[in-house]
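Undergrad: Listed below, chain by chain, are the residues.
There are 2 protein chains.
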Amino acid sequence: MFDKTVYLDNAASTRLDERVLEAMKPYFFDTYAVATSEFGYSMGIESKEGLERSRKVIASALGGDANEIVFTSGSTESSNMAIKGVLSALKGKKDDHLIVSRLEDFDVLNTAKMLEKQGYKVDFIDVDSEGVLDLEMLKAAITPQTALVSIQYANQEIGTVQDIKAIADICKEKEVLLHTDATHSFTRLPLDVSQIPVDLVTVSAHTIHGPRGVGALYIREGTPINKWMDGGFQEFDLRAGIENIPGAVGFATAVELVTPEENEQLKAMRDRIIERVQSEISHVTLNGSATSRLPQNANLTFHYVEGESITLHLDMMGFAVSTGSACFSRSLEASHVILGIGGDHERAHGSLRFSFGRFNTMEDADAIIDALKEVVENLRAISPLSADD
Amino acid sequence: MFDKTVYLDNAASTRLDERVLEAMKPYFFDTYAVATSEFGYSMGIESKEGLERSRKVIASALGGDANEIVFTSGSTESSNMAIKGVLSALKGKKDDHLIVSRLEDFDVLNTAKMLEKQGYKVDFIDVDSEGVLDLEMLKAAITPQTALVSIQYANQEIGTVQDIKAIADICKEKEVLLHTDATHSFTRLPLDVSQIPVDLVTVSAHTIHGPRGVGALYIREGTPINKWMDGGFQEFDLRAGIENIPGAVGFATAVELVTPEENEQLKAMRDRIIERVQSEISHVTLNGSATSRLPQNANLTFHYVEGESITLHLDMMGFAVSTGSACFSRSLEASHVILGIGGDHERAHGSLRFSFGRFNTMEDADAIIDALKEVVENLRAISPLSADD
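Protein sequences appear in the order of chains A and B. Counted the way UniProt numbering counts, the first sequence spans residues 1 to 389. Counted the way UniProt numbering counts, the second sequence spans residues 1 to 389.
In case anyone wonders, no lab produced these hints; they're calculated from the structure. Don't take every hint at face value.
In silico DSS-like pairs for lysine-lysine, Cα to Cα no more than 27 Å straight-line [said to hold, decoys possible]:
| # | chain 1 | residue 1 | chain 2 | residue 2 |
| --- | --- | --- | --- | --- |
| 1 | B | 174 | B | 94 |
| 2 | A | 121 | B | 174 |
| 3 | A | 121 | B | 227 |
| 4 | B | 93 | A | 91 |
| 5 | A | 84 | A | 117 |
Generate coordinates for the entire structure from the input sequences, incorporating the hints supplied.
TA: Structure follows, in structure tokens:
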């Protein structure tokens, strides 16, 4: 029943690539042993090799070493581990202060809010109307008690990309550790930890046509961090649990399948949507930065009409888009991201997020604009919010 | 190169069943949306339905309700969440005392040890020479400050099954919450939470030919527990992170594929191994209970010879078995389980763990005994430890 649906929302990047599944299969059916060990038997060693090859691929995509990569169950775990693990390791030293941005995804934002409830001091740094972090406010917020700064590399919803080099340089100068949630930018935008002094990086497989339930945390060698998931001695004794080797292999394969040409193609679809919507539909606001933006993201507010209504109509026409972030699309609550860039509830509720993946085409982009024009026009004609009232 | 290897260790149960992968495929390639929501579009609702159907299957296998099941990344996360989540929820009430058994797998054991380092009071309850928990010691250990008792249902290494009903009745009478790690018994032995008053149950997919990286935690309605993985509002706002829907569907399918006949077949292989080894090889000790035992587990110590040597020789002959637990097979450290039932280092190092899965046959069981007789005889002939010295 969904054969004809065109996904231009976060699902666009979550469809597994068949080649990823093919790469995982040997680890499901042939080399399926638990990754034992020098002391184990042959298949255990083969399994371990598959895991370690995958670790090298992830490390290499970030410019780090394989022994700086810990596999996790996804971004959320990676960010929990990064923040809680560092605060725990620095306990009694400089343990009472955490800095995050107002636009963080929930993995970082709600971890910070929970820690604040537990007695930690947390500062939430403002962003400007395009979602760009206020670097002066960041500088001023860092104190000798700051254990960690956690600022996303790119926003999940409005696509704004931060100047991570400038942020990392500030943290380095102030001798404070920096974590960045790079879930949505990984492989889409360069982040080379050998050039940029970030200490911890959250990445995930599901945003690049890899398997769900697999992520990783880059941890620069020497970073003080305690184990968060207790149990066995896996992952350099930093993350317990039987290794998800098929998942790690799938993640590595997904990374290897991303090409610069593909990223250019995503960018071209993004730009076409933004340009056509702005020139062909009235009363539209682009959310996020026009210049520093994820290749696969467009986010636009259609004024005098509700995003949810557009979504439902587009769904009936075979197009899937989202209002707000993936998490917010579960509720009708206004997006903290749109509110964070100074938008009001009307702007938040009228916003649509477009995301593009490998399986989208320029024809998809054009077709959805044609559909959008019709839907927005019809809805505005019956809307009590209409600009023409 | 492994075509001819017969796996009779923990890997025996970790080979994915092809039918599980078939069930997961639609969620990789067709219904791959993020599980949004009543407010989302069609495919998001379809995804959500796949997730909720899977939740019902897991709940039903435990005799619980679907809203008492939270999906996780595996047993380790489930047990971390159960123990840390309950202690956190009871903080300031009765928060300083945790009770576990000495034979717990690392997910519970090392979580307990970490909490002890952080200032919690932890009691480790002894077991007898067969690995059966000392119920009187448990009763005596419970105090008004006890927040949680965590006792495994069956041991991962020596296969001993605890009298979980008696343990649950003690906890209920003393009004203390009970968590059980049922990773190795789930679907292999009955555990009906509508009959047995256990409050939290850890289960996993990878032990029953399901996917790696997927588990669940049963949480009885009304149990005080805080969220452990912070972030989005998934899983009844108890466990954040984009849902691994293909994984959940695979887990449910794996549960549905287990039959009583299969469990009888596993038991028959287990009994054949134990009987033939004991009657055909001298100086052998059965580890664990002869009567209360996992259907898929046999564990035997071959005295005057090292388990690692047997493992290596069997590997060359095409048989994969383990010494100690999966985790211990990474190191030459003696198993805490064998030591916990009063064994010494010699007994621990001479122990072999056999586990059986769906793809093993009685011919495998017979063939490994024939191989074992030869290997043990040859090794004893050259061993400095020989009984005949």
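Undergrad: Each hint: holds or not?
TA: Evaluated hints:
For the hint pairing residue 174 of chain B with residue 94 of chain B, the CA-to-CA distance comes to about 13 Å; that is within 27 Å, so the pair holds. Of the pairs offered as hints, the one joining residue 121 of chain A and residue 174 of chain B is violated, with about 39 Å between alpha carbons and a cut-off of 27 Å exceeded. Restraint check for residue 121 of chain A and residue 227 of chain B: the C-alpha separation of about 20 Å stays at or below 27 Å, so the hint holds. For the suggested pair residue 93 of chain B and residue 91 of chain A, the alpha carbons sit about 24 Å apart, so the restraint of at most 27 Å is met.
Taking the CA atoms of residue 84 of chain A and residue 117 of chain A, the gap is near 14 Å; set against the 27 Å cutoff, the hint holds.
Going through the hint list in order, the structure does not satisfy hint 2, though it satisfies all others.
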